Amino acid sequence: MVGVPRLKPELYEEGEEGAIWLSGGACECGHVFFPWQTFGCEVCGRHGADLHPRRLSGSGSIVASATVHLHAGKGRQAPFDVCVVKLDDGPVIRTLLASVGDPPQPGRAVRAVLVEVDGREPGERVRDMRFEVAA
Amino acid sequence: MRALGDLRPVYAIGVGWHPYRYATEEPYVTLGLTAVRQALADAGVEWPAVDAAFIGTALLGMASGRPMLRHLGATGLQLVHIENASASGSAAFRAACLEVASGMAETAVALGIDKVIPRPRTGSGLGGLAEDAFVAFTHFALLTNQYAARNGVSPEDVALVAVKNHGNGAKNPNAQRQKARTLDEVLGGKRISGTLTSLQCCPVGEGASAVILASEDAIRRLGVDTGRAIRVTASAVGSETVGAGNDADASLTRDVIARALAQAQIKGADLDVLEVHDAFTIEELLYAEAAGLCGEGQAIHLLKDGAFDIGGQCAVSPSGGLIAMGHPIGPTGVGQVAEVVTQLRGEAGARQHKGAKVGLAHMVGLGSVCYAHVLKRD
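These protein sequence lines are chains C and V, in that order.
Per this note's numbering, residue 5 is the first one in the first sequence, and the count goes up by one each step.
Per this note's numbering, residue 33 is the first one in the second sequence, and the count goes up by one each step.
The following block holds chain V by itself, in its conformation from the complex (with noise of 0.2 Å):
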């Protein structure tokens, strides 16, 4: 099986939001619009310079794409429409690099993109003891406790993560909660699930973001700024494998994860920025160790130390991840991507965590599935 790095070099040329937040009545079509032209700006290029577009979204239904992208000049581009629960938009990001890696594209655009749409999932047919009673969130207070118990890690370690990130988010304009919290504050939070309190679980509104890619060809003729040019260096994926028991989400994050580092020649200790599917506290603490940034049952103490803050030894969820940043599902996964490319060329701002040469996005889509995308500045 051959790897991204097999193929010719790809990278990401423009990155653009627009902000994640509560649900309103504005129609899906301006957020995507002001994302991809803030991502057009970005790169320094125009419309019709972009091949093909990928869109990642969960909830929009179907063929939403081209009533929203006719608006920047129907060009006639490729146009593909990617559904993969939370990872949708990691998804269209990683169909969108192999569009351009494989050379089938010049350019692309992978754009996530959702609004607050409730949509029941199609039964499997097979019948469940009380699986109504198992909500996401409820999913991950089952695993803090187990976590817990394994680690002797408290409720009040596990909300330190929450701490962190609203920190995080409150330098983040683009973030949906930008209020920096207290232990007390999210502690003494509304109760949800077990130990889980609402400032420790993602909120779930709307937005869009958007990643141009280019191959060095394209930067060439475009005239793209290469010095903000950030390659795309590693690109792996996986689902759910039979016996992985209730945490799947942290075992198969651990093998996608360990691919993406051996196809990018690095080690988890390298990596200067980490965003993960931190929709739920405990989830950070899972995958920073499957991300091999430390020993399981040794992220709490990293934590502490401040090694996960910005400026500490990774900088993990520097955008205020899923928990502060928000999770709008489709553009969660792209945006994701275009905080590590900020990072990456210096340009966070408040939140950048300095010298930032090497970053990874990760999410985890209900099923499971998992992507893991490394990016390095050359």
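Same shape as in the complex, but just chain C (with noise of 0.2 Å):
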């Protein structure tokens, strides 16, 4: 699977022996921030040079997660099992778990992980960051 394109590189990157990280940012305040970004902070309001990019780890816990089983847009077939997730690290984020059907609960340990999926194109394989029960 090395050498698969991710899907959105500015979001995620994969460390050493698999890890995967976060693109978060941290401000002078203190406040940690997923994704990163430079327009501002939520807590304070300081912007530009104030704001650090920050790995986040991909180690944190379920706070809620559902099967969906009808979607309403485009470019995504349900089933597939979405989740919030408390980042170890701070932020509380929302994205896809790895497998389908009886989602891990509240409270439940979880990494991300990359898995291979269909890209943009036709016939283009990328790899996507997705959240799986920690071992």
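It should be emphasised that the hints constitute simulated quantities derived from the structure, not laboratory data.
For clarity, every value in this text was computed on a predicted model and none was experimentally measured.
Every residue gets a Cβ at the ideal spot worked out from N, C-alpha and C, and that includes glycine.
Incorrect hints may have been included.
Derived coverage of chain C by chain V (criterion: at least 3 residues anywhere in the stretch with Cβ under 8 Å from a Cβ of chain V; other residues may be distant) [said to hold, decoys possible]:
no.: 1; stretch: 58-70
no.: 2; stretch: 75-88
no.: 3; stretch: 118-127
Each chain sits in its own coordinate frame; assemble them with the hints.
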């Protein structure tokens, strides 16, 4: 799977031993956020150079999860599982789970992984970030 | 910061609707005119007596008001269009209240109106991991899972909200869904997201609603029936703060309703009628608790005991709520206020909550933003 491009390389990267890092940021005031941006800090309003890129651990715990049976948008086929995860580094994010059906329940430890999926172009394969139950 | 109660009194004197329904080819103009004409007739005033119009619409696009309202007579009144997602109508109502309460106008109409016109949001420029996967019903499916895990509530429990609200909608001629449903019907419907089924999700259709507001001077001058004028005693508003997490709608609601109740000098337990943003079943439980009707995790017990029924401790969503009355976006917040007015006048017919004296209308809008208005019978 190595060599398959990442779908959203600006949002996550692969570290040593397969660990996935999320591309977040931190403000001079201490607020940690995801995704990385320089528009301004949600807590204090500092912006630009007062915001610094920070790699966030892909480890966290489930806040909520659900299996989507019917999806209203284009480009994504139901069923699929979604989750809200509180990262160990602070931010609460929401994204997809790697598996479908019987999603991990609130409190369960999860970790980010890259899985191979269809890309935006016909026949294209890419790797995208998902969460799975931590070993 | 000043509150509505610090300004001169403002009263709702007329209400009207075009019934909410599934999308049709009928132009929005006739929907809006129907609601405003009904509100004028209800108030017993003529259109030239209205000083300002605040139009809550999320989907009609630029400058939809004059092509509609000119057919009531192009009087030259102030005309303002307000968009605030699901709370567009609530925002229009607040603006109309403040215009009259501040003395800038003697009368105003809040008109909520929309058709089913899909409009994509402009991106913020920030990427997301899989934001396209999180449409509204999936967001609330996640909140259902979170609430159920925290409070030991089953999907069957949550579905009881829909049973109650479909029952209320069956008594409301303006509701988009007017059919009572059993728990089996609700649970056996199409599975949407998580444990939510189709009858636990609001229909988004078309419609219109209108509320006419007036000062005491205008009520006297226009000869309005004071016995049917309902005072707006509080208006509170807010938006999401940092760190609110996944259930920002509930924490924001708790803050905004607390401020509205404080303005009105009442407690949640004093409410006779509560219209909440129950676009999805879980929301009614979250917001009933946030309104102070009961402690966290207790709403399901009160619901099962009938405390939220018409005739119970507090009638919650007697109109049928968004689940049965429908959620045509712009009209929803104004229509909630119109329902509260109708209840406080004792004119709600088969869905009347007897002895209703004070009611609250609550909406959240994507963002999140939140509105709460308290109305009281003098």
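Which hint numbers does the structure go against, in order from smallest to largest?
Of the numbered hints, just 3 does not hold.
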